[in-house]
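Colleague: Here the structure of chain P is known, so what remains is to put chain E with the ligands in place on it, guided by the hints.
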Amino acid sequence: MIVLNKAPYEQKATREAFGDEIAELGKENKDIMVVDADIGGSCKTTKFMNTVPKQHVNVGIAEQNAAGLAAGLSTTGKIPFISTYAVFGSLRMAEQVRQEVCYPNLNVKIACSHGGLTPANDGGSHQAIEDMGVYRTIPNMRVIMGADYNATRKLVRQAAEIYGPVYLRFTRDKVPVIYDENEEFEIGKAKQLKEGNDVVIIANGDTVCLALEAAEILQSKGISVKLLDMHTIKPIDREAIIECTKIGKIVTVEDHNILNGLGSAVSDVVAEEGNTKVRRIGVQDRFGESAPYEKLLEINGITVENIVNTAEGLL
Amino acid sequence: MSNITVEELKEQAIQLRQTAVTMVYHAQSGHPGGSLSAADFVTALYFREMNVNPEDPEWADRDRFVLSKGHVAPIQYAALAHRGFVPMETVKTLREYKSPFQGHPDSKKCPGIDISTGSLGQGLSCAAGMALAGKLDEKDYRVFAVIGDGEAQEGQIWEAAQSAVKYKLDNLIVFLDDNGLQIDGPTNEIMPNLDLEKKFEAFGFTTKRIDGHSMEEILETLDEVKNVKDGKPKIIVCNTIKGKGVSFMENVVGWHGKAPNEEEYDKAMEELARGLNA
Ligand SMILES: Cc1ncc(C[n+]2csc(CCOP(=O)(O)OP(=O)(O)O)c2C)c(N)n1
Ligand SMILES: [Mg+2]
Numbered sequence: 001m002i003v004l005n006k007a008p009y010e011q012k013a014t015r016e017a018f019g020d021e022i023a024e025l026g027k028e029n030k031d032i033m034v035v036d037a038d039i040g041g042s043c044k045t046t047k048f049m050n051t052v053p054k055q056h057v058n059v060g061i062a063e064q065n066a067a068g069l070a071a072g073l074s075t076t077g078k079i080p081f082i083s084t085y086a087v088f089g090s091l092r093m094a095e096q097v098r099q100e101v102c103y104p105n106l107n108v109k110i111a112c113s114h115g116g117l118t119p120a121n122d123g124g125s126h127q128a129i130e131d132m133g134v135y136r137t138i139p140n141m142r143v144i145m146g147a148d149y150n151a152t153r154k155l156v157r158q159a160a161e162i163y164g165p166v167y168l169r170f171t172r173d174k175v176p177v178i179y180d181e182n183e184e185f186e187i188g189k190a191k192q193l194k195e196g197n198d199v200v201i202i203a204n205g206d207t208v209c210l211a212l213e214a215a216e217i218l219q220s221k222g223i224s225v226k227l228l229d230m231h232t233i234k235p236i237d238r239e240a241i242i243e244c245t246k247i248g249k250i251v252t253v254e255d256h257n258i259l260n261g262l263g264s265a266v267s268d269v270v271a272e273e274g275n276t277k278v279r280r281i282g283v284q285d286r287f288g289e290s291a292p293y294e295k296l297l298e299i300n301g302i303t304v305e306n307i308v309n310t311a312e313g314l315l
Numbered sequence: 001m002s003n004i005t006v007e008e009l010k011e012q013a014i015q016l017r018q019t020a021v022t023m024v025y026h027a028q029s030g031h032p033g034g035s036l037s038a039a040d041f042v043t044a045l046y047f048r049e050m051n052v053n054p055e056d057p058e059w060a061d062r063d064r065f066v067l068s069k070g071h072v073a074p075i076q077y078a079a080l081a082h083r084g085f086v087p088m089e090t091v092k093t094l095r096e097y098k099s100p101f102q103g104h105p106d107s108k109k110c111p112g113i114d115i116s117t118g119s120l121g122q123g124l125s126c127a128a129g130m131a132l133a134g135k136l137d138e139k140d141y142r143v144f145a146v147i148g149d150g151e152a153q154e155g156q157i158w159e160a161a162q163s164a165v166k167y168k169l170d171n172l173i174v175f176l177d178d179n180g181l182q183i184d185g186p187t188n189e190i191m192p193n194l195d196l197e198k199k200f201e202a203f204g205f206t207t208k209r210i211d212g213h214s215m216e217e218i219l220e221t222l223d224e225v226k227n228v229k230d231g232k233p234k235i236i237v238c239n240t241i242k243g244k245g246v247s248f249m250e251n252v253v254g255w256h257g258k259a260p261n262e263e264e265y266d267k268a269m270e271e272l273a274r275g276l277n278a
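Quick mapping for you: the protein sequence lines, in order, are chains P and E. The letter at position 216 of the first sequence is residue 216 when you use my numbering, and the numbering goes up by one with no holes. The letter at position 127 of the second sequence is residue 127 when you use my numbering, and the numbering goes up by one with no holes.
Any given hint could be a false lead.
[As the list claims (entries may be wrong)] Pairs of lysine-lysine, BS3-like flavour, derived with a Cα cap of 30 angstroms: (1) 258/E <-> 47/P; (2) 174/P <-> 208/E; (3) 226/E <-> 174/P.
[As the list claims (entries may be wrong)] Selected chain E positions facing chain P (in silico; Cβ < 8 angstroms): (4) 116; (5) 153; (6) 214; (7) 267.
[Claimed, not checked] Covered by chain P, per the in silico footprint, the following chain E stretches (three or more residues, Cβ under 8 angstroms): (8) 88-98; (9) 117-130; (10) 179-185.
It should be emphasised that the hints constitute simulated quantities derived from the structure, not laboratory data. Given the structure is predicted, the values throughout are model-derived calculations rather than measurements. Don't be surprised by glycine CBs; every beta carbon is placed ideally from N, CA and C.
One chain only, chain P, in its complex shape (with noise of 0.2 angstroms):
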């Protein structure tokens, strides 16, 4: 069993942790490029221009361009970063990395800042809700969020060291830093954060911090709950959504639309394997707003008492 930090937590956003890692791997490795999009200061890559200048490119407000440059880069084993928006790294090129990322199966990494709701008063327009979903459903693509800080760094190291294309979403916003700096994650494999038995939390991303003061809330009612930061949703973690369905009732928690993201990879499981009933939490299949973060959130029911209201629905 692991151990969390304790609160009053660190906060941080989660693109500070690639733009940290990024810069680390650019001085151990050569061939670890970043491709920018025009908002490297934003998406933190600046670290990694001055630290590793020539293993850095900027190809101006030109998302499809990145791709494709990316791809060709990766064909004599350099290994590119994309960094972008999520909006924009996921929908706006979607078709180059399926064509010539994908399908000749490259090693190309997209890292993409302001997942989710997270450019909150930027308005809809910004706010990344299908990104995971696009990329889930592509062939040879892994699909990933980190929940915190010292979480994104560990999974951008191993998107780094691992052969292929990866999808890696950071947060915009700043986040509660909940694990020790020394935890260990693998892609593909959910980290349990709490063992139970009445009912499951399956969270990822900046819902992780909700569902864990979710799950403290109502262990101190009595309830016994087994939680799982799922931060990769593709490989999607079979064995430990299959083992929840001997507990056979499920919460799924996201800051992506409810279709096609976490909860409907949990589900798809779920529904192969189990009797088991889920409910999902996260954006209602309706386009973001103008709004502060947390009001985003509870408009789409992301809270912590949702979470608790939702768990204790289903006992």
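Modeller: Coordinates of chain E with the ligands only, in the frame set by chain P:
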């Protein structure tokens, strides 16, 4: 509003700048730099050139306006507020929950926005579609689009340009805000555009390069292109200064998407009140 004088338009452009900066200050978020560089031609369009009706924003025969570089919404919002499309108090609600003034223009939430934008490179195609519809329906309306110089790095801009030429959209007038800066730095360094006027000319546009802060030149150029039915789309490439009118924002990359603090805001408003330095 064709009887408005040049001096009145210049004064109006100052007011729009003040309103745009005020919005960003209140929201503590938004994009002042590119709003200020676009202020003069946006003023000319909304206060003299365009045939629009604040009482009836969806009037079928209106001229259309597409802010392809949607992040500079504050300058369009300022124009909409001063023209009475929305109450003046709306300017205090930029980027707030339920505001018509979303972070980027949203045609479902704000009267006077002809189409939602915010993801760069896409608006010019939409403007071409509106212009083509006008041709097909034999309507006289015109379509005005605003694109950024950084934005012109998107391939779709050139796909849109091709269609505008193919379909002889002489009812499409594009303003290119050639302010020389994008987010990560000067356009010349991030991804050189070379001469955008020549590029559009090679694509088949009627082009002209002007001082985008000279109200006289803007009006003169609009008059020149007004009744030209030569079967060619038009582009007015505007030499502009990002942050124009607020000395400490002028030509500074960092003011692309940053809000002024109280002291900076006071200074900006005071400088703007003194007008544009020529
Ligand atoms: C497709 C897309 N990629 C990236 C962005 C992020 N972005 C917002 S503004 C901007 C720079 C725009 O530069 P420019 O077009 O020159 O506008 P201006 O200088 O007038 O502000 C970028 C990259 C975006 N909005 N859309
Ligand atoms: Mg520019």
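Colleague: For the segment 179-185 of chain E, count the residues whose Cβ lies under 8 angstroms from any Cβ of chain P; is that count three or more?
Modeller: holds (count 3)
Colleague: Check whether the Cα positions of residue 174/P and residue 208/E lie no farther apart than 30 angstroms.
Modeller: Status violated; Cα separation ~46 angstroms.
Colleague: How does the segment 117-130 of chain E fare against chain P when you require at least three residues with a CB closer than 8 angstroms, holds or violated?
Modeller: holds (count 5)
Colleague: For the hint on residue 116/E, does the least C-beta distance to chain P fall short of 8 angstroms?
Modeller: The hint holds - residue 116/E has a Cβ within 8 angstroms of chain P, the shortest such distance being about 7 angstroms.
Colleague: Hold the hint about residue 153/E up to the distance rule: shortest CB distance to chain P must be less than 8 angstroms.
Modeller: With a minimum Cβ separation of about 4 angstroms from chain P (threshold 8 angstroms), the hint on residue 153/E holds.
Colleague: Against chain P, run the beta carbon of residue 267/E and see if the smallest gap drops under 8 angstroms.
Modeller: violated, 24 angstroms
Colleague: Is the Cα-Cα distance between residue 258/E and residue 47/P 30 angstroms or less?
Modeller: holds, 21 angstroms
Colleague: Checking one constraint from the list: CA of residue 226/E to CA of residue 174/P, max 30 angstroms. Satisfied?
Modeller: violated, 51 angstroms
Colleague: Would you check chain P against the segment 88-98 of chain E, counting CB to CB pairs closer than 8 angstroms, and say if three or more residues qualify?
Modeller: Coverage by chain P holds here, the residue count being 4 at a Cβ distance below 8 angstroms.
Colleague: Report holds or violated for the interface hint on residue 214/E, using the least CB-CB distance to chain P and a cut-off of 8 angstroms.
Modeller: violated, 27 angstroms
The earlier numbered hints that this structure contradicts are 2, 3, 6, 7.
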